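J.: Produce the entire structure from the sequences given, and follow the hints as far as they go.
Protein chains: 2
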Amino acid sequence: MEDGRVRILFLPENRYITVDRGENLLKAAMLADVHVNASCGGAGSCGKCRVVVEKGEVEREPNPKLSEAEAAQGFALACRTRVLSDLEVRIPLESRIGDKRFFERAEPQPAVGHLLSADEWEKRLPAWEPDPPVRKVHLKLNPPTLDDNTADAERVKRGLAVQEGIRDVVIDYRALQRLPNLLRQSGWDITVTLINTEEERRVVRVEQGDTTGRQSAIAIDVGTTTISAELLDLKSGEVLARASDYNAQVAFGEDVITRIIYATKGTGLAKLQSVVTGTIWNLIVSLVEKSGVEYGDITHLVVAGNTTMTHLLLELNPRYIREEPYIPSATFFPWTKASELGLRIAPGVYLYPIPCVASYVGGDITAGILASGVFNTDKLTLYIDIGTNGEMVLGNREWLLACSCSAGPAFEGGGVKHGMRATRGAIEQVRIDKFNYEPMIITVENHKPVGICGSGLIDALAELFLAGVINEKGKFERDLPTDRVRVTENGAEYVLVRAEDSATRRDIVITEVDIDNLMRAKAAVYAGIEILLSSMDMEVGMVEELLMAGAFGRYLEIDKAVTIGLLPDIGYDRIKFVGNGSLLGAHLAALSRGMLSRTQDIARQMTYLELSKNPDFMEKYVSALFFPHTDLDAFPRVREELERIRSERKLYSEGGG
Amino acid sequence: MEDGRVRILFLPENRYITVDRGENLLKAAMLADVHVNASCGGAGSCGKCRVVVEKGEVEREPNPKLSEAEAAQGFALACRTRVLSDLEVRIPLESRIGDKRFFERAEPQPAVGHLLSADEWEKRLPAWEPDPPVRKVHLKLNPPTLDDNTADAERVKRGLAVQEGIRDVVIDYRALQRLPNLLRQSGWDITVTLINTEEERRVVRVEQGDTTGRQSAIAIDVGTTTISAELLDLKSGEVLARASDYNAQVAFGEDVITRIIYATKGTGLAKLQSVVTGTIWNLIVSLVEKSGVEYGDITHLVVAGNTTMTHLLLELNPRYIREEPYIPSATFFPWTKASELGLRIAPGVYLYPIPCVASYVGGDITAGILASGVFNTDKLTLYIDIGTNGEMVLGNREWLLACSCSAGPAFEGGGVKHGMRATRGAIEQVRIDKFNYEPMIITVENHKPVGICGSGLIDALAELFLAGVINEKGKFERDLPTDRVRVTENGAEYVLVRAEDSATRRDIVITEVDIDNLMRAKAAVYAGIEILLSSMDMEVGMVEELLMAGAFGRYLEIDKAVTIGLLPDIGYDRIKFVGNGSLLGAHLAALSRGMLSRTQDIARQMTYLELSKNPDFMEKYVSALFFPHTDLDAFPRVREELERIRSERKLYSEGGG
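Read top to bottom, the protein sequences are chains A and B.
Take the first sequence: its letters are residues 58 to 714, numbered as in our numbering.
Take the second sequence: its letters are residues 58 to 714, numbered as in our numbering.
Hints listed in this document are in silico derivations from the structure and should not be mistaken for laboratory results.
Check before you lean on any hint, since a few could be wrong.
As the list claims (entries may be wrong) - Listing some non-contacts, in silico: residues in chain B with all C-beta distances to chain A over 12 Å:
{"hint": "1", "residue": "Q130"}
{"hint": "2", "residue": "S142"}
{"hint": "3", "residue": "G598"}
As the list claims (entries may be wrong) - Computed spacing ranges between beta-carbons, pair by pair:
{"hint": "4", "chain 1": "A", "residue 1": "N199", "chain 2": "B", "residue 2": "T321", "range": "53 to 59 Å"}
{"hint": "5", "chain 1": "A", "residue 1": "G353", "chain 2": "B", "residue 2": "R661", "range": "22 to 28 Å"}
{"hint": "6", "chain 1": "B", "residue 1": "E698", "chain 2": "A", "residue 2": "R224", "range": "52 to 58 Å"}
All values reported here derive from a predicted model rather than from experimental measurement.
In this text, a Cβ means the ideal position worked out from N, Cα and C, and glycines have one as well.
T.: What follows is the structure, encoded as structure tokens:
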């Protein structure tokens, strides 16, 4: 296999999957849609996920549920086993709940789910060389004489003009104040750091000698929930360190609307500004500590965030973002001194906020469109980033059309009885046996389950629907032969984890109310996609590539999302994960002034479609309040899958039921 | 006469002069070179300056030395009399010391001394319309809708582009923060204030409604000794108020060199910066109080100062200005937030420092060259500004050549035994009778004499020389029939004011040492002028116009300055006073972006000639250590005057001696 990837063949299903070396074996099974009993989410406490490693190498974590003698025979607890080489793994009968015979018919096939590799990224972008928007230039100047008595500042400008052809330069006040002594101490041998963009040529720092070999920048994705950052070496373009943390603003409200309301009261805006700056500063400290880079080598920060996050970071009034007609203070932002935002960094360090498009299509989307190369492709591409809001962009190198719909907090675990964010113990993957309705779960960090996060909910919905536990309207079948479905005074619910296996010692359930909330969220996203397409006189089938961005997209299982009708049924091979497109876009803009300038072009060219008052939106939304959709013809693969499962179930009930 | 000017005919001299209505009659006599006894400097205490007003109207200040009966007969004390109309004034014998007969030969002739009038200024400049570099634009914007949901900032930019054709605008952070609420409170009817120059288009303030009718700016001349400021109405271009005060930095040293030394020690620079800002702030308060303009209507400040003053104001390191090869930190400066310099003014108010040329040719000279139209004339012009340093510029619309010489503090009253600045009680004008060597003096504000200021010293030198009290080398003739010249242990001296008439109750004298200091100062200036000319292969006679700038130039009597050889003898009609050219240049740049842009052209185009190492300078300097010069042929009018006086004295001694 190519470097770092290994292939696992699961028996008796005869299904294989390619994963990263070191992957958890239970996760690999789940990705391959191979059912292994697992009730504790991967915590290693139930001992039910026992498998036999028939070929290849694994690393077993010692566990009281598995003796050394058993390990010597090839047994392993899937949830406590890391994959080290290509493998053949057999799922013994006791670790499976269903009958094996149906699986044996399947040909070896790859499981779906494709995160773009670095190479694939590269191909999507136009050729570019590292040429950072903030640049260091080493200057060896002639010392002044009585005959050549140009002032210090003008001598530096002359040097930049003669040596680099850079003209019309402004020198920052602080740099100018330091310049005279520095020039003389250094023997007229200095390095100037300058913002070097089309709009601005500004010397922001001067140093002694040649420091051009030492330059780094930080790319930051300021998400509503999570802030992620990368420290980049500008010579090599390499990522020297990564760090992420919750946005400390979460304490003031989970979603952008709550924060806008907080910001418009009293000193709320200043408070939110200082809090997000605090998180960013902690990340910078962590990046510096991890990488060993010096603070003084950091020359600039590039930040991508949604429109509200960008406003709050810059302490701009966000109030009118949430009031019709939804107008931000600004969508383009100048280079801003990081120290003026409260970051305790040298005064010569500037921050560039990636431009936004509209109140609900922010710099994170602009950055994602840059990073994923949508602006550079001939293919009709649909770019989707789902969080509290779903942002969708349709287009190619010729045009870009964007919209946003309020998905509500359901996909982030909000408004769902046992919903939670994707933190430790959150159920992130779910399988439900189509015959006996028993669940298989994996939790974040393999801890005992605490609740369910967004991707787990979508999995659960899709699986409950495919297993026939819920119908097209999202209502439970109440007469199934399982005690997992039960009726309470608030309606029916499905018990995903029983109290004895949960970290909370209470049952973890999915209710009809939860399903209703999720149904409305997915309907809004799908209706948004349809509006984008119809406003261009296009249809779903014409989409050549669908790119899923965002942390949610990273863990989402595409086929499950298609099954419930969140994503259009356009063929799994056309769907790719872009991971954190916002961070990657900020990363590119930090390395290349050409890329930075593209973010401006993208934000300027993108047309924003306001859905809230679109007369067709409501109609399309109502049609989407179905699993997968009222128009099943638009979901051929889902129909096929449903038919396959029905026939399997029929065979099963005829054969051994 | 033309408005505000009156003509006075003095009898029996038969000499007339044109002065402003309201002028002091003693001053008028002095300007006309008509001798009136005056020992108390115009304080009204000696009663010796009695004259007869034969025709015309005057205003007499009541004085115990003049009875009402005498006033009714036409008598007046010249020093306590204001001129109200054209006059004929007779100087009675008792008010004159010399014999009258020599004067009677003179034809009526105008006295010299010509301060350019506003009209004359106007003619020197290219046509320009008020079009301030900081401009207010009234915008009535369309409110946003769901279909036109451009962000607030971009809506304002769009308005500026559509309505005014102003593009690539940056909006200042503070203005941007206020923008959203302001737009909505104002009903989308706002006035934006923007810096609108070639290099920069920056919105610095936003206000509700149309405030374009209210805009003012402040022009400031930051002198080493005095700071002068004008508050300008930008609609009419009128000066609404004027104020000036001593630069509070004087407490830290009288000249720029002392201040540079102070600035390079410890926190000296910050101290000097805050002190000059304090003086400027006091002037702003005073201008606002005088004019009734609101602080909020002030949109910008334009400052002209010498290179050191500009550095100290901006807190830039001035150290290398005084160390060979004399290099400033910068000569061009960006628009700077006034609040960042410590001025307690709105954050949207920016300050523009007029660019400098070199360490000793500053923004004050650039401004003066602008204001006096030297950059716009075909005439070969010599522009001179004398203070502690003498700055000289030679050129025309094609080229400009500048130099600076250290004149020493003598012209500002320093290094002279009874020297003082031109404050109350300073002797500013002096006449010495050619026959009996008695002086006639006028003091600043007509108070009892305290000491002698620069213009008084030059007068005294010229008069002592013409009267034959000192010789060409500046040494006293020790055998004259007067007790005014006496020899002390430190050399000879002339008693200008006797103890009984002085405010200090001590004699006020001019010593040989004083004369030696002044001789060296004037020699340096004249040698500088010669170097400028010779480096262009030109001669003094080719200078078509000589412009004297600065406070010193304002009070200087041209013929006296020529007599001692400070200024070249090019014909008095070619010599003009420009007054405070620095302030007037700042004034023009505050009103017109075209004029402001010219200051940059001027600073860029002016060639600076360093005198200190020029091999010819020393030779020319030594030749100038003579009254008026070793080469008397270069001073034909002075030679003529000397010959006339000698023949008069001969006649006098023959006739009545």
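J.: Find the nearest Cβ of chain A to the Cβ of G598(B) and say whether that gap is larger than 12 Å.
T.: holds (30 Å)
J.: With respect to the beta-carbon atoms only, verify the hint that N199(A) and T321(B) lie 53 to 59 Å apart.
T.: The hinted range 53 to 59 Å is violated for N199(A) and T321(B), with Cβ atoms some 24 Å apart.
J.: According to the definition I'm using, a residue is off the interface if its beta carbon is farther than 12 Å from all beta carbons of the partner; does S142(B) meet that for chain A?
T.: holds (55 Å)
J.: Against chain A, does Q130(B) keep a CB gap of more than 12 Å to every residue?
T.: holds (67 Å)
J.: Can the suggested window of 22 to 28 Å be confirmed for the beta-carbon pair G353(A) and R661(B)?
T.: violated (35 Å)
J.: Is it true that E698(B) and R224(A) lie within 52 to 58 Å of each other by Cβ?
T.: Hint holds: Cβ distance 56 Å, inside 52 to 58 Å.
Of the numbered hints stated above, those contradicted by the structure are hints 4, 5, listed in ascending order.
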